[in-house]
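Construct all of the structure, not just a fragment, from the sequences and the given hints.
Each protein sequence line maps, in turn, to chains A and B. According to the working numbering, the first sequence holds residues 5 to 195 in order. According to the working numbering, the second sequence holds residues 183 to 296 in order.
Please keep in mind that the hints were generated in silico from the structure rather than gathered at the bench. A hint or two may mislead.
[Claimed, not checked] Derived, one-sided and incomplete: chain A residues facing chain B with beta-carbon distance under 8 Å:
| no. | residue |
| --- | --- |
| 1 | G15 |
| 2 | I48 |
| 3 | D51 |
| 4 | L52 |
| 5 | R55 |
| 6 | G84 |
| 7 | P86 |
| 8 | G88 |
[Unchecked claim] Some chain B residues close to chain A (C-beta under 7 Å, calculated; not the full set):
| no. | residue |
| --- | --- |
| 9 | Q194 |
| 10 | M195 |
| 11 | A215 |
| 12 | S216 |
| 13 | E231 |
| 14 | G232 |
| 15 | T233 |
| 16 | Y235 |
| 17 | P236 |
| 18 | P258 |
Every residue, glycine too, gets a C-beta built ideally from N, C-alpha and C.
Each chain, letter by letter, is given below.
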Amino acid sequence: MKKVVTVGIGGRSFVIDEDAYQKLERYLARFRQKTGEGSEAVDIMEDLEQRIAELFYEELSTKGEVVNISMVNRVISQLGMPDGTAAEDSSDFGSESAQDGGNQTAHKRLYRDPDNRVIGGVCSGLGHYLNIDMVLIRVVFAVSLFLGGLGFWAYIIFWIVAPQAMTAAQKCEMRGLAVTAENLRKVSSYK
Amino acid sequence: MSDINTDNVKSQMRKGVLEYCILSILNNNDAYASSLIEELKVAKMIVVEGTLYPLLTRQKNQGLLSYRWEESPQGPPRKYYSITERGKELLSEMDGAWRELVETIDLIRNKKTQ
Numbered sequence: 005m006k007k008v009v010t011v012g013i014g015g016r017s018f019v020i021d022e023d024a025y026q027k028l029e030r031y032l033a034r035f036r037q038k039t040g041e042g043s044e045a046v047d048i049m050e051d052l053e054q055r056i057a058e059l060f061y062e063e064l065s066t067k068g069e070v071v072n073i074s075m076v077n078r079v080i081s082q083l084g085m086p087d088g089t090a091a092e093d094s095s096d097f098g099s100e101s102a103q104d105g106g107n108q109t110a111h112k113r114l115y116r117d118p119d120n121r122v123i124g125g126v127c128s129g130l131g132h133y134l135n136i137d138m139v140l141i142r143v144v145f146a147v148s149l150f151l152g153g154l155g156f157w158a159y160i161i162f163w164i165v166a167p168q169a170m171t172a173a174q175k176c177e178m179r180g181l182a183v184t185a186e187n188l189r190k191v192s193s194y195k
Numbered sequence: 183m184s185d186i187n188t189d190n191v192k193s194q195m196r197k198g199v200l201e202y203c204i205l206s207i208l209n210n211n212d213a214y215a216s217s218l219i220e221e222l223k224v225a226k227m228i229v230v231e232g233t234l235y236p237l238l239t240r241q242k243n244q245g246l247l248s249y250r251w252e253e254s255p256q257g258p259p260r261k262y263y264s265i266t267e268r269g270k271e272l273l274s275e276m277d278g279a280w281r282e283l284v285e286t287i288d289l290i291r292n293k294k295t296q
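This is how it looks when you write it as structure tokens:
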């Protein structure tokens with residue numbers, strides 16, 4: 005027994021298994037991401053959805069009423085990505101999302117990292133922000149303690165100013181990753 | 183490694199002439215996106231369908247193609263693509279360029295064997 009969802013695709017309604025629905029949604033989000041912005045994207049996504057609806061319709065007419073994960077997988081491998089590459093499975097998103105994250109440093113924000121903290125998570129947060137090994141930053145702060153109290157006060161100020169990254173979305177921002185389903189999952193598994 | 187490279191070269195070549203192919207097919211007869219895909223797949227021009235949609239939309243926005251909605255026997259109406267006058271003009275230019283390209287390559291290859 006499986007939970008199902010009713011969705012509208014390309015002007016038709018389908019009953020679809022929940023896992024299949026999530027997979028399809030992730031695929032569409034990635035396709036959209038690769039298509040880029042602008043009015044063209046709307047047309048392209050419309051065409052794509054129409055095609056998906058057509059393929060589901062053809063297959064459903066021969067068997068069953070519910071769209072399942074294997075149908076979604078087949079459709080995804082048939083459609084692929086706009087740049088002609090095959091759509092990878094969510095399991096091998098690792099390298100891909102790391103690349104995406106690299107391009108999206110604009111969204112990076114300074115947070116304190118509660119998962120890798122020694123005192124307040126300031127050094128590890130700065131490490132993420134500046135892309136420097138957090139150990140180095142800790143060493144710099146530790147050394148600065150003996151060279152007048154500047155490092156100490158800087159640490160306190162950072163502690164006050166930078167919020168702690170509580171949610172998975174904030175942890176994505178802290179690392180400069182785009183807030184997508186894969187990244188959220190990846191980030192929450194760091195704990 | 184060499185296998186991957188030849189595949190890459192082939193797919194680059196196909197990509198280059200894909201727009202030409204779309205215009206050529208539509209010049210023969212108007213088509214639904216799905217029948218267009220069918221034809222291109224049989225010709226081994228595309229591997230995944232996703233590549234086609236951005237191209238169609240771009241060509242439409244450039245005024246090379248137009249589409250109309252047509253009733254379909256099953257389900258909601260479908261997009262029916264056809265070539266415009268501008269598209270035909272570009273196509274005839276492309277025809278010329280293609281012939282030139284084939285001739286040039288023949289020439290180069292023949293020279294090499296002599």
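We went through each hint and held it up to the structure:
Because the closest C-beta pair between G15 (chain A) and chain B is about 4 Å apart, less than 8 Å, the hint holds. Nearest Cβ of chain B to the Cβ of I48 (chain A): about 5 Å, under the 8 Å cut. The hint holds. Taking 8 Å as the C-beta contact cut-off toward chain B, the hint placing D51 (chain A) at the interface holds, the least distance being around 5 Å. With a cut of 8 Å, the hint placing L52 (chain A) at the interface with chain B holds, because the nearest CB-to-CB distance is about 5 Å.
This hint holds: R55 (chain A) has a C-beta 6 Å from the nearest C-beta of chain B, less than the 8 Å allowed. Using the Cβ-Cβ criterion of 8 Å, the hint placing G84 (chain A) at the interface with chain B is satisfied: the shortest such distance is roughly 2 Å. For the restraint placing P86 (chain A) at the interface with chain B, the shortest Cβ-Cβ distance is roughly 5 Å, inside the 8 Å limit, so the hint holds. The interface hint given for G88 (chain A) holds, since its Cβ lies 5 Å from the closest Cβ of chain B, which is under the 8 Å cut-off.
Violation of the interface hint for Q194 (chain B) is found here, the shortest Cβ-Cβ separation to chain A being roughly 10 Å, above the 7 Å cut-off. Interface hint at M195 (chain B): violated, since its Cβ lies 12 Å from the closest Cβ of chain A, which is beyond the 7 Å cut-off. At about 6 Å, the closest approach between the beta carbon of A215 (chain B) and any beta carbon in chain A falls short of 7 Å, and the interface hint on this residue holds. Because the beta carbon of S216 (chain B) sits about 6 Å from the nearest beta carbon in chain A, less than 7 Å, this interface hint is met.
With 7 Å as the threshold, the beta carbon of E231 (chain B) comes within range of chain A, its nearest partner Cβ sitting at about 5 Å, so the hint holds. Interface hint status for G232 (chain B): upheld, as the beta-carbon distance to the closest one in chain A is roughly 4 Å, under 7 Å. Proximity of T233 (chain B) to chain A holds as hinted, the smallest CB-CB distance being about 5 Å (cut-off 7 Å). Residue-level restraint check for Y235 (chain B) holds (minimum Cβ-Cβ distance to chain A is 5 Å; threshold 7 Å).
This hint holds: P236 (chain B) has a C-beta 5 Å from the nearest C-beta of chain A, less than the 7 Å allowed. The interface hint given for P258 (chain B) is met, as the beta carbon of that residue sits about 4 Å from the closest beta carbon of chain A, less than 7 Å.
Taken one by one, the earlier hints fail for this structure at numbers 9 and 10, listed in ascending order.
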